Amino acid sequence: MRVEMFTFLLTAAICLAGSAGVVLLRNPVHNALSLVATLFGVAVLFIQQGAYFLAAIQVIVYAGAIVILFLFVIMLLGVDKAEGLDRDPILGQRPAAIAAAVAILGLSLTALLSVGSRVTGQASTLAAIDGSEPNINALAKVLFTDYVFAFEITSVLLTVAVVGAVVLSRKAGSAIDVAEFPEGTTADLLQAKHDAAAVEEDVPEEVATEDETPEGEAETTEEALR
Amino acid sequence: MLALNETWYLVLAAMIFTIGAVGLLTRKNPLVMFMCVELMLNAVNLTFVTFSKALDDIAGQAIVFFVMVVAAAEVVVGLGIIVAIMRRRQGANADDISLMRG
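Protein chains in written order, with the numbering used here: chain A, 1135 to 1360; chain B, 1431 to 1532.
In case anyone wonders, no lab produced these hints; they're calculated from the structure. Since we're looking at a predicted model, the values are computed, not measured. Possibly wrong hints are sitting among the right ones.
What the hints assert, rightly or not - Interface residues of chain B toward chain A, partial, derived using beta-carbon atoms under 10 Å: (1) Val-1441; (2) Arg-1457; (3) Leu-1461; (4) Leu-1476; (5) Thr-1480; (6) Gly-1490; (7) Gly-1510; (8) Met-1530.
All C-beta atoms in this analysis are idealised placements derived from N, C-alpha and C, irrespective of residue type, glycine included.
Bound conformation, chain B alone (with noise of 0.2 Å):
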């Protein structure tokens, strides 16, 4: 049976950051674009997590730390543009947002 060791953890996390990236870039629902970056930013804390274990430094956790802390204040200012937008235009998505179109 094949061991476990990082490389498997570094794979699903890369996994996982393309699905959201795919996610991002095709949907249109300005929320579930959001959800997607949430699961990018959980990919890379997943392999940030597995290098501090690899590398045996505690520093990478600290970083996830402040990801979540970050990942945390983008979502609230996200979440109030994203309203904010709903008030004036019912049903809006991605595409609709284009008035600064050049």
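Next up, chain A with everything else stripped away, as it sits in the complex (with noise of 0.2 Å):
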């Protein structure tokens, strides 16, 4: 129990420093790295609660990819400067923001705090966690059976979600180069590209000289296929 407290405590830690310095920290990239920080920890508690499972996933799909493709943008638009610490558009703007705060933390602790330390409610009759089987098979036997229209669903929306970036990432306008995209197999481009190298790399070898570099002759294999 002791060992338990403390993980708890460490963890927790760590999530609120990374949760902070999320919002405080002025340069996007400590943004993301902050972030990184939070979402390990929520996983370790993932652990400690036994949903292994999870936390594998929410290291490899959150911390993993969600936070590259966050640094990627921020690389990409190089937004990576400090923010500009000018005056809020809107009037009292931040005092809103810490009374908005302050409401959401008193009403769900009072919330929490006032029934005592047990969760109220119906403990699970159909799909319980009893132990008697690893938790990733528990958790697919309810996916591919109460949940099975639902993970259809979300191929669909990953599928849409894929389509949607791709036509925003476009530049407006700008047809395909078909000459990009010539027919025929790959193979068949490949050798006809061998061959055309070929036969122009037989005259510079002609009128080479001896001491010619390796590097002059990958320099005309380079022209030659241009």
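Two chains, each in its own frame: build the complex with the hints.
Below is the structure:
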């Protein structure tokens, strides 16, 4: 019990420090790195509560993919400079935000702490975590039976998201360059390129002197390929 | 020493959610606002897992799975929109995007 408490307190400190860093630091790269700290902390808390699969997914998808995506966009746009601290456009935006925070936290803490130390509600009878099977098996069973329709819908959602991202990131009005995609199989194209290179290489080989460096050859090949 | 029960996790989740909400309300860089949304989603995920353990029900973890999928899709589309805006207007922040203001 003491070890659990220690783990929880340490992880909670990491989570809170990370989330404070996301809000308070001025450089977007530092914000993204603080976000990683928080996500790892949440993953540890998942493990502590027996959600092993979700912890793995948390590290792989969130800390791995999503934060890397954030960093890509930060670097792509070159916005990794400090944000200007000029005046708020809405009068009193920050005090209002603080008031909202106090309200959210106060209300939720009141609701949490007023009921004492136990969660109300019915314990599950159909999908109980009784430790008789591993976490992944239990989760997979419920995903592919009770929630199979929602699971299929998420695949549609992901496809729509990918198409949307492609549409958004294409430059408007620029047509696809057809010359970039000639007809024929890849093998044919590579063979044709290779033949053309070989034909052109024959000519400089004859006039080449003996002390020609491999770099020169490479350059000739590159030129032929163009 | 105080015993570790689910209230601790729920209070921590409420704190992370509040910090994310404050960031969303105060920051102006759209990327950082997005990160704050991720913080709030994670706080809710932690709450779901805590209740899943407290009520001994795996369905809470299944819902966290779906929340993660939706968050990933949301980030992809949202970052696409941000990149499209930033290409037209260098260094735009959330206050500059006011075309639809009444």
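Return the numbers of the hints above that this structure violates; sort them in rising order. Violated hint: only 8; rest satisfied.
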